[in-house]
Each structure stands twice: as structure tokens, then as C-alpha cells.
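Enquirer: Protein chains in written order, with the working numbering: chain A, 98 to 232; chain B, 98 to 232.
Hints are computed from structural coordinates only; laboratory data are not their basis. Treat the hints with care, as some may be off.
Put simply, identical chains are the same to the list, so a pair is met inside one copy or across any two.
Listed below are the simulated SDA-like cross-link pairs for lysine to any residue, each with C-alpha atoms no more than 20 Å apart in a straight line [unchecked claim]:
1. Lys109 x Tyr138
2. Lys203 x Glu193
3. Lys203 x Val106
4. Lys128 x Asn140
5. Lys185 x Asn197
6. Lys185 x Gly215
Protein chains: 2
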Amino acid sequence: MAELTITEVSNKYHIKPDTLRYYERIGLIPKVPRRPNGNRYYNDGLQGWLEMIICLRHSGVSVEALVDYAHLLEQGDATLDAREELLKEQLELLEEKRANLDRSIKRLQHKISLYETGEIKKGKSYFEEYKILDD
Amino acid sequence: MAELTITEVSNKYHIKPDTLRYYERIGLIPKVPRRPNGNRYYNDGLQGWLEMIICLRHSGVSVEALVDYAHLLEQGDATLDAREELLKEQLELLEEKRANLDRSIKRLQHKISLYETGEIKKGKSYFEEYKILDD
DNA sequence: TGTTGACTTGGAGTGAACTCAAGGTAGTAA
DNA sequence: TTACTACCTTGAGTTCACTCCAAGTCAACA
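All chains, please: the whole structure from these sequences, using the hints.
Expert: The structure is reproduced here in C-alpha cells:
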């Protein structure tokens with residue numbers, strides 16, 4: 098890890114430079130340090146934070162929640178409890194998401210198996226297929 | 098199960114009447130049958146389909162993909178293979194999602210444990226917390 | 001000394017998926 | 001008859017999360 102330009106970070110994390118600047122604008126990333134000419138550079142700490150928020154964003158954690166967390170971090174020691182609380186709330190949301198995701202995956206697998214075994218036969222009416230799945 | 102009004106379906110599946118009408122407008126739900134006064138009623142087949150699409154929507158399957166699937170269903174037997182293909186694609190997407198979700202959950206759990214054991218101590222600089230997590 | 005090319009800014013535009021508002025009708029209850 | 005409620009339609013508005021655009025700066029290279 099080293100200090101990377103915005104384009105390098107963009108390539109590393111598959112996230113557009115515009116998005117990186119947007120994240121900074123809304124406070125999801127703090128003020129990024131600059132070269133004498135004004136160009137941003139991203140150090141190790143920033144890259145660690147980026148990795149974290151990109152992972153969580155991919156899982157559907159809202160930008161708002163992450164901005165809240167970032168703001169709490171900026172306020173330092175006084176917000177340790179609030180931060181833990183926020184993380185726990187988000188964890189619960191993600192666990193709900195996973196439960197639902199598991200249901201959907203099972204549903205799709207079951208449905209696909211019906212296609213493969215030919216149990217969804219020709220000539221069925223539009224919705225007949227769905228009665229099978231009322232489980 | 099019986100024939101339900103739009104409000105009853107709305108309550109049953111926690112989805113707004115406007116959203117139900119919207120789904121119909123865009124072809125995600127087929128023409129819903131009507132009472133003589135024009136009010137919609139949702140029969141068993143429709144409710145089964147709704148349950149399915151709501152589950153998948155909660156898991157992040159796009160409206161577009163579901164509309165495509167609905168259109169294929171409407172076209173009958175000739176689309177059996179295309180339907181199976183579409184389901185398999187969506188299943189793959191969901192499995193990717195689950196892998197990422199698991200990563201995020203582990204990350205959050207780890208982070209919360211750092212808060213609980215006090216390993217995230219007072220007086221740390223803004224990003225120091227994230228260096229711990231470079232794993 | 002131009003002319004690339006990578007960066008900068010502020011602000012506007014986009015796409016997905018709802019969500020709402022305005023105005024109208026049908027059926028019931030006082 | 002009037003009031004109320006639940007439904008209807010069309011079309012516009014909202015939210016979220018980017019994503020793009022135009023115009024400008026700066027460093028390096030021919």
C-alpha cells in the first residue's frame with residue numbers, strides 16, 4: 098500500500114473518480130490530502146476506510162448510515178457508544194437481509210429444479226406454476 | 098387464501114396499493130381481475146406470484162428481470178428454456194450477493210467485538226481504527 | 001511554446017423504483 | 001340527500017446514489 102492518485106484508487110476498488118469525489122463531498126470520506134497542485138492522494142488509512150465502506154455499500158448498507166458513522170468517528174472519544182450502537186443496528190439489518198436472501202436462493206433453486214425435472218410442463222396456465230410453490 | 102382487495106393485499110404483504118398498481122402498469126403483475134365496479138381483486142394465483150416477486154425484490158432482484166420473466170411466462174410453452182436461463186442468471190447474482198453479505202457481516206461482527214473488548218481505545222486518530230482491520 | 005493528459009470545481013442530469021396528488025366514481029350509513 | 005370511505009385513473013414528483021458536463025489549472029513533453 099502506498100499513496101495513490103484518484104485514478105489509481107478508482108482502478109483498485111472499481112469505483113469511479115466521480116464517486117470518490119462525491120463520497121468526499123457528502124462526508125462519507127473526510128477531507129482527502131492534496132499535492133501542492135491540488136490533486137488528491139489517498140494514504141493507507143483512507144484506503145482502509147474505503148475498503149470498508151465499499152464492502153458495506155455492496156451489501157446494501159445505506160450511504161446515510163455510513164455518513165453518520167463517519168461523522169461520529171470525527172467527533173472522537175465521546176461517540177464510542179453511539180458508534181457501537183450504529184454498527185449493531187446495521188448488523189441486524191444485514192442479518193435480516195441474509196435470511197431473506199437465503200429464502201430467495203432456495204426459492205430459485207427449487208424453481209430451477211422444477212424446470213430441470215420437467216415438472217413445469219407445457220400447456221400450464223400462467224399462474225398454475227405458482228401454486229406449486231405455496232410452501 | 099381467498100380473493101382480497103388491494104388494501105387487504107397491501108396489508109398482507111406490506112406493500113403499498115400504489116406499488117401494486119405500479120407493478121401492474123409495468124407488466125410485473127398481469128391484468129388483475131375486477132369487480133363490477135372496477136375494483137381489483139387478487140386471487141390465489143396472483144397472491145402466489147406476488148409472494149414470489151416480493152421475496153425476490155427484497156433480495157435485490159431487479160424489477161426489470163422480474164418483468165422479463167413475467168413476459169416470458171405470458172408467452173407460454175415456447176419460453177421454457179429462456180425462463181430457466183433467466184432464473185439461473187438471477188440465482189448466480191444472488192449467490193454473489195450472499196458471499197458479499199457474509200463478508201460484510203463478518204466485518205461488522207469483528208468491528209463490534211473490538212468495541213466490546215475495548216480494543217478500539219480512546220484517543221485514537223480518525224483512521225487508526227481501520228488499520229486494525231486490514232485483514 | 002504550444003499541446004497533451006490528468007487532475008480540479010460547481011452544478012446539472014440520470015435511472016431505478018417507487019410514491020403521491022388531483023379529481024372522479026361506486027357503495028354504504030345516517 | 002348528504003356524507004363518508006374505499007376504490008379508480010393519469011400524470012407528476014420524490015428519493016437514493018451516483019454520473020456526467022463544462023470550464024479551468026497544472027506539469028511534462030515535442
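Enquirer: Each hint needs a verdict: does it hold in this structure or not?
Expert: Against the structure, the hints:
1. Lys109 x Tyr138: Only inside one copy: Lys109 and Tyr138 sit 14 Å apart there, 52 Å across copies, limit 20 Å.
2. Lys203 x Glu193: Both: 16 Å inside a chain and 14 Å across chains, each within 20 Å.
3. Lys203 x Val106: neither (37 Å within a copy, 24 Å between copies)
4. Lys128 x Asn140: Within one copy only: 12 Å inside a chain, 56 Å across chains, cut-off 20 Å.
5. Lys185 x Asn197: Cα proximity of Lys185 and Asn197: in one copy and across copies (19 Å, 18 Å).
6. Lys185 x Gly215: Answer is between: at 16 Å across copies they meet the 20 Å cutoff, but 45 Å inside does not.
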